[in-house]
Amino acid sequence: MSSEPLLRVENLKTQFFTDAGTVRAVDGISFEVHEGEIVGLVGESGAGKSVASMSLLRLVESPGEIVGGEITYRGETLFGLEEGPDGELRERDDMLSNEEMRTRIRGNEIAVIFQDPMETLNPVFTVGGQLREFIELNRDLSGKEARKEAIEMLREVGIPDPEERYEEYPHQFSGGMRQRVLIAMALACEPNLIIADEPTTALDVTVEGQIIDLVDELQEKYDTSFVWVTHDMGVVAEICDRVNVMYLGEIIEQAPVDELFHDTKHPYTEALLNSMPRPDRTVGELEPIEGVMPEAISPPSGCRFHPRCPDAREVCQRVHPENKEVARADGYPHNAACVKHDVFDVGYDESVPLDKEPQMTASTPSAGDDGE
Amino acid sequence: MTVSSPLGSEMSGEDIAYGDSLVEVDGLKKYFNQDSGLLSGVSFDPNQFPPIDVGQQRVKAVDDVSFEIRRGETLGLVGESGCGKSTLGRTILRLLEPTDGTINFKGDDLATLSGEELRQKRSEIQMIFQDPQSSLDPRMRVGQIIEEPMRAHDMLDDEGREERAKELLEKVGLDPHHYNRHPHAFSGGQRQRVNLARALSVNPDFIVCDEPVSALDVSIQAQVLNTMEKLQEEFGLTYLFIAHDLSVIRHISDRVAVMYLGNIVELADKEELFENPQHPYTEALLESIPVPDPRKGEARGVLEGEVPSPINPPSGCRFRTRCPRLIAPDEYEWTDEKWDQTRAFMRAVKRRTFEPMTDEELRVEFFGGTLPQGEPGEIVEEAIDLIATDHASDELEQTQDEWDEARELLLDSFARQSICATEEPAYEIEPEYGTDAHFAACHLHR
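Protein chains in written order, with UniProt numbering: chain L, 1 to 372; chain V, 1 to 446.
Do not rely on the hints blindly, as some may be mistaken.
Said to hold, decoys possible - Covered stretches of chain L (chain V as the covering partner; in silico rule of three or more C-beta atoms under 8 angstroms from a C-beta of chain V):
#1 204-212
#2 327-341
To be verified - Calculated lysine-lysine pairs in the DSSO-like style (CA-CA distance at most 30 angstroms, straight line):
#3 V:Lys121 <-> V:Lys29
#4 L:Lys13 <-> L:Lys324
#5 V:Lys106 <-> V:Lys29
#6 L:Lys221 <-> L:Lys324
#7 V:Lys296 <-> L:Lys221
#8 V:Lys106 <-> L:Lys324
Rather than coming from a laboratory, the hints here were simulated on the basis of the structure. Remember, predicted model here, so these are calculated numbers, not experimental data. We put the CB at the ideal spot given by N, CA and C, even for glycine.
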């Protein structure tokens, strides 16, 4: 493991204050990203992975707010709180200002690729013009130089005939080509870290393949680190070095990619892998996970997965498991938040298995709208 | 197993045995007119000269497709977005008017039925849509939603319909007590179950499922897929299952059809298609799926370029413009190596994927220094002459013309001479898995 991680996230909490109550979208997650690695953030919809990734750049909008934790990027504090004299939490002095975030960090140091390229690109400006403007603003180049650089970047990400296509508008590009433009934009300032939020989800498989290959290639060339947010375990297996699995606002398993798939330590990850149809072999019957993910507004007590967990015992209702190291692989810890592992020592073995309530798949998705 | 119930099948496909063909599609075409807007007749195609075309153009979404669906089976229809798979599904149901061809369903040609006859038929064919949100009316209660098709087809009386709706709710894995809820109170997976119940209410034989699980999370996907399989068995349903996700297709289908640009390029038994694909497009598709296992993979054969426009699809085999195994034109002698290099060069010129270089650099970059022998060599030399920086005139305009000329020269002499461009492929292959016919539209099997 290299010495100092590029990005360190500790106990990050992001909450949304709504009329119905406080939604704890991200509830105390910690992870690290080292130089040159691709770190996956996986989970189903509603797990909090997108909110987590946007929190890294302080891009969470009202009614959402980062309420706790610390984000450090190369020794600089992107977010940090301290206790004030009157006991109130306040932002630390060394935390970067909004101005600094905008001019120094976003784009230059940490860039983002979003899922939907049509919404990121402005439909009334040419693709080249938008890319040029971005380069001009962030890299202090003159218009002409920026244009040359923009064309160079378009060629770099595999857009054919870049001089011609520079003048075209986003709607004239296919989905895959637009995603390439976004990658070009993200790479244009040679950032050290790129946060990719489901960048291939909207694309066809063959195009997805092209984009993954492109990212692989560019990553080798520029040695950029990635935080790759996705729900697709196939993509994770293909591209990630280390993986964080999220469930209901928490990271429940962290491991290098091979260990995650072949030495799975958390029942949720296990169940997720078993519920997937496989492209490479015919599966007789799928084993779905019972029920649906509860809402983050009123998470279950104890382990948040226990109502759906096949291994749940009585103790799981009471004890909330922190993410702990349960094994080691390649110098990296393999963490899991499940009390069935010995390190937790809360009496899982003696505890009685939970009587499975007949979990009708029709249980209400949230407690709020029961009945009429 | 519960009572095989009054929901049973007094009217379902009585005269057709399991495994016999229930739906037979022959030569089906669906073209769309592009007739809105001032400049609708004007189109731009950079692959043609002159690139501007004036005149009515039609989008050939489904172009001459023939296949059969057997009673009790699931036929998977897979392809990328824009290949026409949803249009095909809707045309079979006559939600869209077919341009040409026949759709034989239990002895009737759906393509020619109209009015009341067609409406009556609709009780036997149903559809499930992709988006469980927008396919349910938010103002109606779930019970009403499920009863609506029965009311439209005058099935049962009020009480009978309610009873049946509740029974169906239970069948699809929902609580019958939720009869009075509105769709918003259900999650995505549950809404898709309501859709299933609605489709089943009129006791259909045949259901077209258009991406029924792609909007759902994996864990929920598995629940819905399992329910669909259970219902198929119980009600003797026949599914046409349209999806872009090959893993889902592999799981649920008995046979699989692969679509590309309005054509079916391969159709075979599931096991045969996945283990012994015979069309280069199917191969490329299978290779590009990310496998959820970090120890596999790395064998990715990425497809070049993009899907051409369905307005002017390529002649012959529609996949030929991207095919990694485009067959060399017969009139020249080639070594495999030289043909591979020429093909790569031709496509690079066509897409302008490289920066302008000198004559020498081009020869080294694409041909390892030696051009092909004989006539093809001369043609390549001529093309290099046109685009190499040390031969070109300085004016920018001129260069553009020369690129176009070089491209046309290469395409005319090579790509358009290949059998792939001159003849439409259709071959039947001896299967390796199972005994079912294996259809592959690729001249490699000539």
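Problem - Hint numbers contradicted by this structure - result: Hints 2, 6, 8 not satisfied by this model.
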